[in-house]
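There are 2 protein chains.
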Amino acid sequence: MSMKQVRVGIVGFGTVGRATADIIAKHGDLIAQRSGVRLLVTSVCRRSGVSAADTPAGARATSDWRQLVREADVDVVVETMGGTGESLQLLRAALEQGKPVVTANKNLLAEHGDELFALAAARGLPIGFEASVAGGIPILRVIHESTAGDRLRSVHGILNGTANYILTQMENRGIEFAEALSEAQKAGFAEADPSFDIDGQDARDKLCILARMAFEGRLDVAKIPTYGIRHVRAIDIHSANRLESTIRLVGSAEHTDHGLEVSVRPWLVSRRSMLAKVEGVNNAVFLVGDKIGTQMFYGRGAGGDATGAAVVSDLIEISRDFAAGQMSAKNISGFLNSRELVLCDHPRPASWYLRLTVQDQRGIVARVAEVIAHEAINIDSLEQEPHLPKDRVSFVITVEPVSEPVIRRAVEAINQFDFMVEPVLLLRIEP
Amino acid sequence: MSMKQVRVGIVGFGTVGRATADIIAKHGDLIAQRSGVRLLVTSVCRRSGVSAADTPAGARATSDWRQLVREADVDVVVETMGGTGESLQLLRAALEQGKPVVTANKNLLAEHGDELFALAAARGLPIGFEASVAGGIPILRVIHESTAGDRLRSVHGILNGTANYILTQMENRGIEFAEALSEAQKAGFAEADPSFDIDGQDARDKLCILARMAFEGRLDVAKIPTYGIRHVRAIDIHSANRLESTIRLVGSAEHTDHGLEVSVRPWLVSRRSMLAKVEGVNNAVFLVGDKIGTQMFYGRGAGGDATGAAVVSDLIEISRDFAAGQMSAKNISGFLNSRELVLCDHPRPASWYLRLTVQDQRGIVARVAEVIAHEAINIDSLEQEPHLPKDRVSFVITVEPVSEPVIRRAVEAINQFDFMVEPVLLLRIEP
Numbered sequence: 001m002s003m004k005q006v007r008v009g010i011v012g013f014g015t016v017g018r019a020t021a022d023i024i025a026k027h028g029d030l031i032a033q034r035s036g037v038r039l040l041v042t043s044v045c046r047r048s049g050v051s052a053a054d055t056p057a058g059a060r061a062t063s064d065w066r067q068l069v070r071e072a073d074v075d076v077v078v079e080t081m082g083g084t085g086e087s088l089q090l091l092r093a094a095l096e097q098g099k100p101v102v103t104a105n106k107n108l109l110a111e112h113g114d115e116l117f118a119l120a121a122a123r124g125l126p127i128g129f130e131a132s133v134a135g136g137i138p139i140l141r142v143i144h145e146s147t148a149g150d151r152l153r154s155v156h157g158i159l160n161g162t163a164n165y166i167l168t169q170m171e172n173r174g175i176e177f178a179e180a181l182s183e184a185q186k187a188g189f190a191e192a193d194p195s196f197d198i199d200g201q202d203a204r205d206k207l208c209i210l211a212r213m214a215f216e217g218r219l220d221v222a223k224i225p226t227y228g229i230r231h232v233r234a235i236d237i238h239s240a241n242r243l244e245s246t247i248r249l250v251g252s253a254e255h256t257d258h259g260l261e262v263s264v265r266p267w268l269v270s271r272r273s274m275l276a277k278v279e280g281v282n283n284a285v286f287l288v289g290d291k292i293g294t295q296m297f298y299g300r301g302a303g304g305d306a307t308g309a310a311v312v313s314d315l316i317e318i319s320r321d322f323a324a325g326q327m328s329a330k331n332i333s334g335f336l337n338s339r340e341l342v343l344c345d346h347p348r349p350a351s352w353y354l355r356l357t358v359q360d361q362r363g364i365v366a367r368v369a370e371v372i373a374h375e376a377i378n379i380d381s382l383e384q385e386p387h388l389p390k391d392r393v394s395f396v397i398t399v400e401p402v403s404e405p406v407i408r409r410a411v412e413a414i415n416q417f418d419f420m421v422e423p424v425l426l427l428r429i430e431p
Numbered sequence: 432m433s434m435k436q437v438r439v440g441i442v443g444f445g446t447v448g449r450a451t452a453d454i455i456a457k458h459g460d461l462i463a464q465r466s467g468v469r470l471l472v473t474s475v476c477r478r479s480g481v482s483a484a485d486t487p488a489g490a491r492a493t494s495d496w497r498q499l500v501r502e503a504d505v506d507v508v509v510e511t512m513g514g515t516g517e518s519l520q521l522l523r524a525a526l527e528q529g530k531p532v533v534t535a536n537k538n539l540l541a542e543h544g545d546e547l548f549a550l551a552a553a554r555g556l557p558i559g560f561e562a563s564v565a566g567g568i569p570i571l572r573v574i575h576e577s578t579a580g581d582r583l584r585s586v587h588g589i590l591n592g593t594a595n596y597i598l599t600q601m602e603n604r605g606i607e608f609a610e611a612l613s614e615a616q617k618a619g620f621a622e623a624d625p626s627f628d629i630d631g632q633d634a635r636d637k638l639c640i641l642a643r644m645a646f647e648g649r650l651d652v653a654k655i656p657t658y659g660i661r662h663v664r665a666i667d668i669h670s671a672n673r674l675e676s677t678i679r680l681v682g683s684a685e686h687t688d689h690g691l692e693v694s695v696r697p698w699l700v701s702r703r704s705m706l707a708k709v710e711g712v713n714n715a716v717f718l719v720g721d722k723i724g725t726q727m728f729y730g731r732g733a734g735g736d737a738t739g740a741a742v743v744s745d746l747i748e749i750s751r752d753f754a755a756g757q758m759s760a761k762n763i764s765g766f767l768n769s770r771e772l773v774l775c776d777h778p779r780p781a782s783w784y785l786r787l788t789v790q791d792q793r794g795i796v797a798r799v800a801e802v803i804a805h806e807a808i809n810i811d812s813l814e815q816e817p818h819l820p821k822d823r824v825s826f827v828i829t830v831e832p833v834s835e836p837v838i839r840r841a842v843e844a845i846n847q848f849d850f851m852v853e854p855v856l857l858l859r860i861e862p
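Chains as they are written, first to last, in this note's numbering: chain G, 1 to 431; chain F, 432 to 862.
Hints listed in this document are in silico derivations from the structure and should not be mistaken for laboratory results. Idealized CB from N, CA, C, for every residue including glycine. There may be inaccurate statements among the hints.
Claimed, not checked - If you want a taste of the chain F side facing chain G, the calculated C-beta under 8 Å gives, among others: (1) P569; (2) Q726; (3) M727; (4) S744.
Please construct the entire structure, taking both the sequences and the accompanying hints into account.
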């Protein structure tokens with residue numbers, strides 16, 4: 001039989017874009033043999049241009065994505081440019097031209113998913129977006145296909161490799177946040193402006209996509225309570241260690257009788273927990289379903305190769321249907337539900353970790369304990385870290401389960417005390 | 432639009448069969464809404480008969496699977512009867528009638544996969560077999576779809592929940608193998624005749640299917656070296672603990688320059704390892720690929736609900752294609768490769784754990800050490816467990832990396848000594 005060819009244009013020819021082209025070049029025969037489709041990269045685009053050396057054999061290079069999208073020999077468009085400006089225009093243009101797209105852009109889909117998926121559905125086109133969440137871990141495909149007969153109760157996990165790298169470096173080497181961040185930047189695991197990773201927005205965007213897939217409804221990404229790890233200190237890792245625990249940045253969406261409980265925040269997790277075993281730039285996603293029980297999917301969360309492999313898996317799926325003349329928007333059905341996911345306004349009680357940094361003076365413990373008692377919160381443990389300068393003393397308090405509004409009221413009251421050097425660090429303790 | 436109906440017959444109406452029917456009954460609307468297909472159980476079959484109370488609403492019950500397969504209102508046949516006798520006849524009959532099948536039967540596929548997949552391919556029919564490996568974990572779909580653009584290097588993991596339950600009970604409670612097995616039997620996690628689970632054949636069958644999917648070739652299941660956990664004692668768990676390790680039964684298939692290294696055997700795994708975190712009846716499968724790096728998939732390995740959910744996920748996929756008139760054997764392409772997977776005859780060096788049980792007498796250590804030195808093996812550690820009766824003393828020896836034939840020669844020589852009470856227990860140490 002004659003092998004069907006599917007011609008690919010790649011826009012945003014950086015790490016992921018190049019890895020995608022490399023995989024297609026290196027494993028093209030394998031892909032053809034397995035899928036019956038021959039992928040060809042015919043055009044690549046980067047705003048700053050692509051050198052002749054970087055241009056894949058047989059492909060053209062351009063700096064104008066508008067031109068690439070229009071080219072007759074581009075059947076499928078891969079978007080790896082990032083951001084939500086030009087990438088949005090690119091996806092619109094490609095879909096309007098009747099071309100399916102594959103994207104690794106969680107930020108774009110979290111913010112403009114409704115528009116893009118509606119446009120794709122109207123044109124009967126698929127959008128491949130496996131690479132947008134958890135790099136090479138095929139979590140979206142698992143949710144879409146493998147849990148189709150089950151009702152999911154929860155999806156949560158470690159969704160940002162940069163934050164996890166920083167936390168595990170702090171844990172393994174006892175260093176401060178700033179030093180771990182600086183090393184992550186030198187190692188290429190963190191951007192010059194790291195706020196997207198360390199303040200939780202990247203994890204939030206991924207969680208938004210996961211929650212929409214798992215619970216099939218609309219979810220305004222801006223409504224997801226999001227806290228990062230910028231204020232985690234070496235002393236917190238030390239205290240966590242004393243509690244036989246460590247700290248992980250966790251995105252969590254859980255179905256409850258009062259709606260969806262959703263947040264991105266640092267958790268104190270037991271050292272015995274699977275979450276604690278996820279180290280470095282790895283990601284892990286947990287699914288809990290009525291029938292499947294708890295499943296966990298673990299792997300590289302970022303990096304050109306893993307993300308490129310996810311892009312290629314989408315390309316293969318879409319290209320198979322393209323070659324057979326059977327393209328459809330079926331893979332995005334979870335996004336086309338017009339129902340709004342109701343966010344929970346009665347969050348369930350959780351245990352909490354509070355770290356206070358104070359200028360030492362008499363009566364601090366009594367005053368803090370009074371505030372906590374006033375909210376009817378029970379203290380589970382309290383420890384003052386020894387050997388600290390008097391002008392910067394740390395207390396760590398863990399409390400028995402109370403709901404988040406209650407603990408936040410206590411934290412706000414504590415933050416008002418004049419002996420507080422900086423705001424309380426609040427961590428949720430893993431249930 | 433009118434909803435397409437797909438009518439399901441279930442043969443072997445035990446735990447998994449009933450769970451499958453329950454999921455279809457309970458989540459039928461959800462499935463219809465997600466997939467556009469309404470699943471209906473029209474017929475169930477069990478050799479010993481199905482009571483009226485157990486028969487799903489709207490379904491007939493029979494004790495004759497030959498009748499069920501022929502019924503005009505059965506579009507898809509689910510096989511959950513187990514074994515390799517009648518189940519083989521059932522799959523042949525269903526495929527010959529042009530009916531796709533879904534099976535949870537690893538034993539059948541490991542032994543008769545070649546015939547069944549060839550028959551399915553000749554008829555252009557799919558066989559759903561996600562439930563045959565690792566219960567609810569969608570590992571076969573992941574290998575087939577998500578790694579289609581990558582070259583896998585290794586697949587390994589904990590594939591038998593019963594053996595893992597026994598090992599973790601021994602570990603957590605310091606009990607002997609026989610007691611842990613007896614408890615597993617009482618808890619319903621082990622059969623009255625447990626040999627299939629504890630001697631490794633169940634894991635071997637699953638590994639055979641995984642390896643064929645991952646490496647795309649034929650593999651004679653009888654050629655997989657298989658060792659079970661029957662001879663692991665409390666003292667081994669104790670010694671493992673001293674080495675900051677524990678014991679897991681691992682099935683492993685690894686691509687090397689000299690062919691496929693494949694085995695099922697107990698491993699000594701570091702307590703820091705992800706393998707060690709897999710407890711109770713859970714399973715975990717690791718994939719290592721050129722591009723994806725290391726991925727791990729974890730969840731319930733058995734049980735009606737998890738396995739039933741996997742059966743239903745296959746039913747949904749097949750039914751969607753059935754309703755659209757697009758059935759094909761595409762999902763079994765990994766099995767249709769006529770290439771034989773070459774087994775490695777130069778296994779790479781590994782570290783090993785040896786436990787000797789001896790009648791104490793002078794000079795034992797010297798004689799054992801001499802045998803080991805004779806094979807040019809370096810001892811890494813040697814410890815005699817204290818406080819044991821003189822007629823049953825245990826030594827634990829760990830050795831530096833040597834290939835398996837070398838360590839087995841040493842073990843055979845040691846087993847000849849008249850002071851040996853029982854054969855050496857040999858564990859591979861996790862690389």
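Self-check item: Hints breached by this structure
Solution: As far as the earlier hints go, not one is violated by this structure.
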